Amino acid sequence: MRAFLKRSLLVLAFAAVASPVGAADGAASWKIMRLGGRDYLPVSQIAAFYRMQAVPRGDRGVALSSAERSMSFEKGSREARIDGVKHWLSFPALYFAGQFYVSRMDMAKTIDPMMRPQKIPGLKPVHTVVLDPGHGAHDRGAVNRWNAEKNYNLDISRRIRAYLKQAGLRVVITRSRDEFIPLERRPAVANRLGDGTIFVSVHCNASGGRDSVATGFEVFSMAPRGAPNSNDSYLTRRSFSPERGHAHDRASNVLAASIQSAKLGRVPMFDRGVKRARFAVLRHASVPAALIECGFMSNRQDARKLHTVEWRERLAQSVAMGILEFCKLASGGGRPKTLAQYRAEEQEALAAAGWDYQPLAGIGNLVRSPVPGVSGWRALLDGPLSEEMPPFRLEYEPAGWVLLESWAAGSAEDARSAAATGGAGAEQAREWPDPPVGWPELRGWRILVPVRADGEIFVPFESPEGAPVAD
Numbered sequence: 148m149r150a151f152l153k154r155s156l157l158v159l160a161f162a163a164v165a166s167p168v169g170a171a172d173g174a175a176s177w178k179i180m181r182l183g184g185r186d187y188l189p190v191s192q193i194a195a196f197y198r199m200q201a202v203p204r205g206d207r208g209v210a211l212s213s214a215e216r217s218m219s220f221e222k223g224s225r226e227a228r229i230d231g232v233k234h235w236l237s238f239p240a241l242y243f244a245g246q247f248y249v250s251r252m253d254m255a256k257t258i259d260p261m262m263r264p265q266k267i268p269g270l271k272p273v274h275t276v277v278l279d280p281g282h283g284a285h286d287r288g289a290v291n292r293w294n295a296e297k298n299y300n301l302d303i304s305r306r307i308r309a310y311l312k313q314a315g316l317r318v319v320i321t322r323s324r325d326e327f328i329p330l331e332r333r334p335a336v337a338n339r340l341g342d343g344t345i346f347v348s349v350h351c352n353a354s355g356g357r358d359s360v361a362t363g364f365e366v367f368s369m370a371p372r373g374a375p376n377s378n379d380s381y382l383t384r385r386s387f388s389p390e391r392g393h394a395h396d397r398a399s400n401v402l403a404a405s406i407q408s409a410k411l412g413r414v415p416m417f418d419r420g421v422k423r424a425r426f427a428v429l430r431h432a433s434v435p436a437a438l439i440e441c442g443f444m445s446n447r448q449d450a451r452k453l454h455t456v457e458w459r460e461r462l463a464q465s466v467a468m469g470i471l472e473f474c475k476l477a478s479g480g481g482r483p484k485t486l487a488q489y490r491a492e493e494q495e496a497l498a499a500a501g502w503d504y505q506p507l508a509g510i511g512n513l514v515r516s517p518v519p520g521v522s523g524w525r526a527l528l529d530g531p532l533s534e535e536m537p538p539f540r541l542e543y544e545p546a547g548w549v550l551l552e553s554w555a556a557g558s559a560e561d562a563r564s565a566a567a568t569g570g571a572g573a574e575q576a577r578e579w580p581d582p583p584v585g586w587p588e589l590r591g592w593r594i595l596v597p598v599r600a601d602g603e604i605f606v607p608f609e610s611p612e613g614a615p616v617a618d
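Take the position in the sequence shown, starting the count at 1, then add 147; the result is the number in my numbering.
Check the hints yourself; a few may be wrong.
Unchecked claim - Below, in silico cross-link-like pairs of lysine-lysine (DSS-like), each with a Cα-Cα straight-line distance of 25 Å or less:
(1) 271 x 475
(2) 178 x 484
(3) 266 x 475
Stated by the list, open to error - Pair ranges (Cβ atoms, derived):
(4) 492 x 457: 18 to 28 Å
(5) 342 x 312: 14 to 24 Å
(6) 499 x 325: 14 to 24 Å
(7) 499 x 245: 17 to 27 Å
(8) 457 x 317: 19 to 29 Å
(9) 490 x 176: 29 to 39 Å
(10) 383 x 224: 20 to 30 Å
Simulated from the structure, these hints should not be mistaken for laboratory data. All values reported here derive from a predicted model rather than from experimental measurement. All residues carry an ideal CB built from backbone N, CA and C; glycine is no exception.
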């Protein structure tokens with residue numbers, strides 16, 4: 148064990164010396180601090196390097212921003228935000244002697260590739276995308292009350308393929324029917340095609356029983372050598388093993404983030420983050436690779452969405468958009484769109500269609516239809532409005548929360564009043580007996596709005612699993 152730990156420390160030391168921080172512009176002046184046995188860099192210097200302004204939030208965290216980019220870190224946490232999307236760091240951000248620090252590993256493998264993706268070494272123009280529908284045949288994957296994961300994976304992959312082929316890319320799919328393919332053979336399809344190929348494995352998530360509170364989108368790329376998986380808090384022997392997937396771990400992370408940004412920008416779901424893992428399909432891929440999770444089979448609301456053809460179509464379109472944005476980067480066309488850019492496009496599309504779009508700080512957005520007498524409420528993470536707003540039956544009704552129909556409120560004040568009092572009728576707002584879990588669920592063009600004891604509306608933009616609590 149002692150010999151193993153000694154070798155491990157040597158590997159970590161080499162990884163730190165060999166990181167892109169040492170090759171970055173002006174890198175000779177980086178102030179490296181040894182904290183907890185690892186190399187850390189001051190966030191203030193990271194902000195200066197990317198020409199961003201750093202605003203500490205006491206000793207709890209720090210936010211970095213420029214005209215177009217943003218980052219934020221929390222003390223003692225591996226969760227960070229880059230351009231509005233959650234990223235899981237390899238090691239927690241630290242606060243020491245009045246300054247925030249981020250590990251050198253994370254600067255090299257996450258932050259710099261996201262901030263300057265055009266400098267990732269070895270990027271080649273993409274001509275082929277290999278789509279891998281997870282599971283198959285006797286390996287059903289997760290199962291919900293309607294279907295098996297293997298079938299959703301194949302359906303979504305086929306829809307993604309259609310969009311990519313329409314864009315002029317060659318698309319290879321690892322299975323086109325209900326068959327079982329061993330894990331190591333899946334990335335081998337992409338490996339044989341070589342440079343100019345990327346690999347995307349399509350899955351659906353599951354956690355606990357059929358009514359799990361876990362919800363949302365997440366996406367995985369290969370964990371860096373010498374770093375734990377995002378779902379692990381410790382290093383193991385495998386953490387130091389060299390794998391094929393390490394050759395493109397920077398590009399893979401940018402591919403994963405590009406897909407996650409497009410999904411969140413186009414489809415209303417909770418952001419579980421861009422994560423790192425050592426799944427077999429990622430370990431054995433010698434090309435940029437990502438594994439996407441398309442919601443939870445074990446969550447009632449996610450499962451219902453997955454079973455809706457229109458929702459799967461929109462999801463597939465968003466995944467294809469994220470892939471195409473990475474292809475644009477690989478061809479020298481600039482960095483992938485950020486989440487903010489996708490949302491701005493949504494707002495522009497609404498305005499072009501005649502909708503009056505009014506962001507309401509801390510509440511959501513009031514969207515007025517060009518049709519007289521029709522208004523719509525939508526959350527900041529909701530998708531674009533449709534011309535049709537069909538009713539949607541709910542299976543449970545939470546208390547202390549009210550339902551605002553998309554056509555119910557004629558003004559912002561009407562909506563506030565309806566939410567605070569329960570409304571003038573069932574079609575406007577209703578108070579319900581049991582509290583919800585997770586972040587406010589969006590159903591069709593309705594939104595569940597929690598009401599505080601003082602009658603004010605409280606809508607968190609996100610929350611951990613469990614009921615949101617007003618401050």
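- Item | Hints that the structure is at odds with (numbers, increasing) | Hints 2, 6, 7 are the ones this structure does not satisfy, whereas the remaining hints hold.
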